[in-house]
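A.B. asks: Sequence:
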Amino acid sequence: MSDTRPQRDVRRTLPSRKRIALIAHDGKKDEMLEWAGRWRDTLARHRLTGTGTTASRIAGQLGLEVEPLMSGPLGGDQQIGARIAEQALDLLVFFWDPFAPQPHDPDVKALLRLAALWNLPVACNPSSADFLLSSPWLDRDYEMAIPDAGGWISERTV
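158 is the number that the UniProt record's numbering gives the last residue of the sequence shown; the numbers go up by one with no jumps.
Watch out, some of these pointers could steer you wrong.
[To be verified] Below are the EDC-like pairs computed for lysine to aspartate or glutamate, each with C-alpha atoms no more than 20 Å apart in a straight line:
{"hint": "1", "residue 1": "Lys-109", "residue 2": "Asp-97"}
{"hint": "2", "residue 1": "Lys-109", "residue 2": "Asp-26"}
{"hint": "3", "residue 1": "Lys-29", "residue 2": "Asp-97"}
{"hint": "4", "residue 1": "Lys-29", "residue 2": "Asp-105"}
{"hint": "5", "residue 1": "Lys-29", "residue 2": "Glu-86"}
{"hint": "6", "residue 1": "Lys-29", "residue 2": "Asp-130"}
{"hint": "7", "residue 1": "Lys-29", "residue 2": "Glu-67"}
{"hint": "8", "residue 1": "Lys-29", "residue 2": "Glu-65"}
{"hint": "9", "residue 1": "Lys-109", "residue 2": "Glu-86"}
Just so you know, the hints here were simulated from the structure itself, not pulled from any lab data.
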C-alpha cells in the first residue's frame, strides 16, 4: 500500500442537464432565494434538489421544481452527501452562515469533505454561485477526474 489516497484516474462525465443541490442555513435562506430568483430561468433547465425549508421556499416562491429532502439538521446534509458519493449529483450550491454556529456542524464538514473528495463543483456564496452558473460548462457535458474508489479499496484489503 504505497499511497493512502485513491488515485484520480477514473473519468466521470457530468451531463448537460445538471443535478444541482441547493442548501442554505437559516441566516442565508433569503440570500439563496434572491440569488435563485436571479438565476430562475437557468435553474429551471436543470434538475434541482434541496434540503428542507430551502427546497420548499424556492419551489413555492419561485415556481421551480425542487425535490425536497429532509432538513439539514435532521439528515438532509447527509442525504446530499450520499448522492455525492454515489455520483448522483453534479453541482452543490451551499450558502452556509459563517456567523452562526450550527448544531450539525460535523454534518456540514462531512458534506464539504465529500464534495472535495469527489471533485464536485461547489459554491458557498452568491459570487461563487454566479461563477458556477455562468460557466460555459453548465449546459454542456463536462468530463472530470474522480477517485478510483474500487481500486483504492482493493489495494487496502490486500
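A.B. asks: Now look at each hint and say whether the structure bears it out.
C.D. replies: Status of the hints after comparison with the structure:
1. Lys-109 / Asp-97: Roughly 13 Å separates the two Cα atoms, so the pair holds.
2. Lys-109 / Asp-26: 17 Å, holds
3. Lys-29 / Asp-97: Given pair Lys-29, Asp-97 holds - Cα atoms ~10 Å apart, limit 20 Å.
4. Lys-29 / Asp-105: Holds, because 17 Å separates the two Cα atoms, which is no more than 20 Å.
5. Lys-29 / Glu-86: 27 Å, violated
6. Lys-29 / Asp-130: It holds: about 16 Å lies between the C-alpha atoms, which stays within 20 Å.
7. Lys-29 / Glu-67: Between Lys-29 and Glu-67 the Cα gap is close to 17 Å, so the pair holds against 20 Å.
8. Lys-29 / Glu-65: Distance of about 17 Å is within 20 Å: holds.
9. Lys-109 / Glu-86: With a Cα-Cα distance of about 18 Å, the restraint between Lys-109 and Glu-86 holds, given a limit of 20 Å.
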